[in-house]
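So that you can map any letter, position 25 of the sequence shown is 25 in the working numbering, and since no number is skipped, the others follow by simple counting.
Keep in mind that the hints were calculated from the coordinates and are not lab data. Given the structure is predicted, the values throughout are model-derived calculations rather than measurements. Hints may be right or wrong, so weigh each one.
[To be verified] Okay, the calculated beta carbon distance ranges per label pair: (1) Leu194 <-> Asn271: 19 to 27 Å; (2) Ser323 <-> Leu62: 21 to 29 Å; (3) Pro325 <-> Val391: 45 to 53 Å.
Backbone N, C-alpha and C define an ideal beta-carbon position, used for all residues, glycine too.
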Amino acid sequence: MRANINTTTLIARSHRLSARYTALHHRNFRLFWFGQMISLVGTWMQNVAQGWLVYQLTGSALALGMVGVATSLPVLGLALYGGVIADRFNRRNILMVTQTAAMIQALIMAGLIWGGHIQVWHVYLLSFTLGIINAIDTPTRQAFVVDLVAKQDLPNAVALNSTVFNLARVIGPAVAAILIASVGIAAAYFINGLTFIAVLIGLWMINMPEGIIRSTTRSVKDNLVEGFTYIRSDPPTQALIGMVAVIGLFGIPFTTLMPVFADAALHTDVNGYGLLLSATGVGALISAFTLASFSNMKGKGKFLTVGDLVFPLMLIAFSFSRSMPVALILLVGIGGFLVLRAALSNILLQTTVPDALRGRVMSVYIMMFFGMTPLGSFLAGAIAERFGAPVAIASGGVIVFIAAIFVFVRFPSLRRLE
Numbered sequence: 001m002r003a004n005i006n007t008t009t010l011i012a013r014s015h016r017l018s019a020r021y022t023a024l025h026h027r028n029f030r031l032f033w034f035g036q037m038i039s040l041v042g043t044w045m046q047n048v049a050q051g052w053l054v055y056q057l058t059g060s061a062l063a064l065g066m067v068g069v070a071t072s073l074p075v076l077g078l079a080l081y082g083g084v085i086a087d088r089f090n091r092r093n094i095l096m097v098t099q100t101a102a103m104i105q106a107l108i109m110a111g112l113i114w115g116g117h118i119q120v121w122h123v124y125l126l127s128f129t130l131g132i133i134n135a136i137d138t139p140t141r142q143a144f145v146v147d148l149v150a151k152q153d154l155p156n157a158v159a160l161n162s163t164v165f166n167l168a169r170v171i172g173p174a175v176a177a178i179l180i181a182s183v184g185i186a187a188a189y190f191i192n193g194l195t196f197i198a199v200l201i202g203l204w205m206i207n208m209p210e211g212i213i214r215s216t217t218r219s220v221k222d223n224l225v226e227g228f229t230y231i232r233s234d235p236p237t238q239a240l241i242g243m244v245a246v247i248g249l250f251g252i253p254f255t256t257l258m259p260v261f262a263d264a265a266l267h268t269d270v271n272g273y274g275l276l277l278s279a280t281g282v283g284a285l286i287s288a289f290t291l292a293s294f295s296n297m298k299g300k301g302k303f304l305t306v307g308d309l310v311f312p313l314m315l316i317a318f319s320f321s322r323s324m325p326v327a328l329i330l331l332v333g334i335g336g337f338l339v340l341r342a343a344l345s346n347i348l349l350q351t352t353v354p355d356a357l358r359g360r361v362m363s364v365y366i367m368m369f370f371g372m373t374p375l376g377s378f379l380a381g382a383i384a385e386r387f388g389a390p391v392a393i394a395s396g397g398v399i400v401f402i403a404a405i406f407v408f409v410r411f412p413s414l415r416r417l418e
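Build the full structure now, drawing on both the sequences and the hints.
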């Protein structure tokens, strides 16, 4: 009798999980999602390795910011065209090309480091190359999710994508710190290169219906104008994109300064640095899992605006922390609220923007986020070089808080989005 009760309980739990993660019912999405799960761990390993490498080569916060600039310039210049490409051509084929190119970039970096030839200008050049790849890859990847699931499962798919990104954000830095301390920086780049094989296999196995392959004879200029016209005509979209630009420019760059903050403010080594990044990932992962479980919840706009107000306050508090436990607790909260706003804004854009315009609108969103973040990193690096990392982080938090209040007052329509 007891065995029957336990079996019934397990079946009920299985049904509840299946109902919560409906996007995983779609084979194409599962293939893409599991491939990303592996590849993104490698990406986060490379992110940690790159920051530590540049800081070891130069000892300069400004140099860390310069790497961000090298990555951002192509995104600012080409992301809009990446959105047009995503709306015109087969998104799976585009991703196979961009993911292969990113794999080659990682392996070249590993070879330069292992051979003892690495110089900081190599990092700048290859970061610039990766920026070109990302300018096409990121808007395509965002728009591609829509091709993999039914419309009613799209919010769940976006939330699950956020979950896997942040799961990698926890695992990647921790593994990278161990590898860097025991084997060396090159190992993190090399393993990242190998992880791209997983996502390439997943993409190769995906079966795309012929009907969603895109083609158009309209000019690129007309395509771009159409995307901007839509954004100007929709206040909630304006608010979502405007706020992500502010957060990208002034809020996110605290991650770039983490090697400096770990060393100068918390007096820790590469293991502590990896732990700090993993703490941010833990908070992000908790938030992402929660959103994936309740992706069809009402009041997404309200949760988003509240998160935008809380995040900068926690960032300011973090800038004053001088204790590792306090810093870790605050970073868990910061990571959680960052993902809350990123996932909710992504869901709201993906579900409200027409499919024919989605690639272009998402490319503007991505340009603001990934383009502004490295520019903000350069600015934060310059401030940190002069006044210290805590001042740079606190200043960014104050600006984000002011912007969040403005959006809260000026765009009430955003809070009404479900």
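Return the numbers of the hints above that this structure violates; sort them in rising order. 3
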